[in-house]
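Please work from the sequences and hints to get the whole structure.
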Amino acid sequence: MAGFGQAMKLSSEFIAGVAVGAGMGWLIDRLAGTSPWGLIIFLLLGFCAGVLNVLRAAGKIAEPKPGVIGRKENE
Amino acid sequence: MANDPIHQFHISKLIPIEVGGIDLSFTNSSLFMVATVAAASAFLYFTTGARSMVPSRGQSMAELSYEFVANMLRDSAGTHGMKFFPLVFSLFMFVLFANMLGMFPYFFTVTSQIIVTFSLAVVVIGTVILYGFYKHGLKFLGLFVPSGVPGLLVPLVVAIEVISFFSRPVSLSVRLFASMLAGHITLKVFAGFIVSLAALGPLGIATAVLPLLMTVALTGLEFLISFIQAYVFAILTCMYLNDAVHPNH
Chain A
0 MAGFGQAMKL SSEFIAGVAV GAGMGWLIDR LAGTSPWGLI IFLLLGFCAG VLNVLRAAGK
60 IAEPKPGVIG RKENE
Chain B
0 MANDPIHQFH ISKLIPIEVG GIDLSFTNSS LFMVATVAAA SAFLYFTTGA RSMVPSRGQS
60 MAELSYEFVA NMLRDSAGTH GMKFFPLVFS LFMFVLFANM LGMFPYFFTV TSQIIVTFSL
120 AVVVIGTVIL YGFYKHGLKF LGLFVPSGVP GLLVPLVVAI EVISFFSRPV SLSVRLFASM
180 LAGHITLKVF AGFIVSLAAL GPLGIATAVL PLLMTVALTG LEFLISFIQA YVFAILTCMY
240 LNDAVHPNH
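Top to bottom, those sequences are chains A and B. Under numbering that gives the first Met the number 0, the first residue of the first sequence carries the number 0, and numbering increases by one thereafter. Under numbering that gives the first Met the number 0, the first residue of the second sequence carries the number 0, and numbering increases by one thereafter.
A few of these clues could be false.
What the hints assert, rightly or not - The calculated lysine-lysine pairs, modelled on BS3-like cross-linking and capped at a C-alpha distance of 30 Å, are:
no.	chain 1	residue 1	chain 2	residue 2
1	B	Lys-12	A	Lys-59
2	B	Lys-82	B	Lys-134
3	B	Lys-82	A	Lys-8
4	A	Lys-8	B	Lys-12
Simulated from the structure, these hints should not be mistaken for lab results. Note that the coordinates shown come from a computational prediction; the quantities given were computed from them, not determined experimentally.
Okay, structure coming up:
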């Protein structure tokens, strides 16, 4: 049972990342008329986000800890 | 139709309503959402009515669910997060009662419809975004910029973090919906095996014991999943709210 829950958790995290990336790319294409580049780039970014989600859900890497000070240094 | 495992998810219009070309019919799904809210409200109203110092069984169940959600929220979002307690408690009770009502034979499971779970997730993520911007202004956007990233990589990392953030409501809703859908289909398929096997004669009836045992075990498992999924939904809500309360943690 724990295995089924784990599988459901990780797969939904990955699918969500890819789906949201593709959706955002498609929307950008629709709004900016850049078809198909937005979809291509954001689909790949979506894969990255999906992998990131899975690694976070599996506890392999820590949650992001962005410091407000660190943000100012970056800008 | 009796053996069709998908038939239980069919939506039928009970009272057709159409306003300005938009279909707003009262469906069996709406009926069970109303029933869920009514059951959860009735449970809390009648069990906490007496307010005795020594709680009755019902009252201690209500207090237990309160303590459960309150501790969950306090642990993950801190005492500042407690202002979201009504939201998290409502979501938890709604999902729990919807899942549990779905376990009754012939009842409709509202959480097996992705639009229902997605709407709940959108409420959560909407609250996170609105409260984050209201409380922290533009500093809330610091959530998307991890510290210690080389300047050149920042745009790429921000894009990935933004996609990752917006994939949360999707994964939240897909997880609840998929668990309930898969569980109910599995139950129906195994229950269907009993009927099909029993129709084959004496040997079939003897073999039908196996799927029967499986169905009994799966029913117990489904009750467990109903609770776990409500818990998962609530705990993830708490964790996302934590981002809105403390975006720089």
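How the hints compare with the structure:
A hinted pair counts as satisfied when its Cα atoms are at most 30 Å apart, and B:Lys-12 with A:Lys-59 does not qualify at roughly 47 Å. Distance restraint check for B:Lys-82 and B:Lys-134: the Cα-Cα separation of roughly 13 Å lies within the 30 Å cut-off, and the hinted pair is therefore satisfied. Pair hint B:Lys-82 plus A:Lys-8 holds up; C-alpha atoms about 28 Å apart against a cutoff of 30 Å. A distance of roughly 33 Å separates the Cα atoms of A:Lys-8 and B:Lys-12; the hinted pair therefore is violated under the 30 Å criterion.
Violation of the numbered hints given earlier is confined to hints 1 and 4; the remaining hints are satisfied by the structure.
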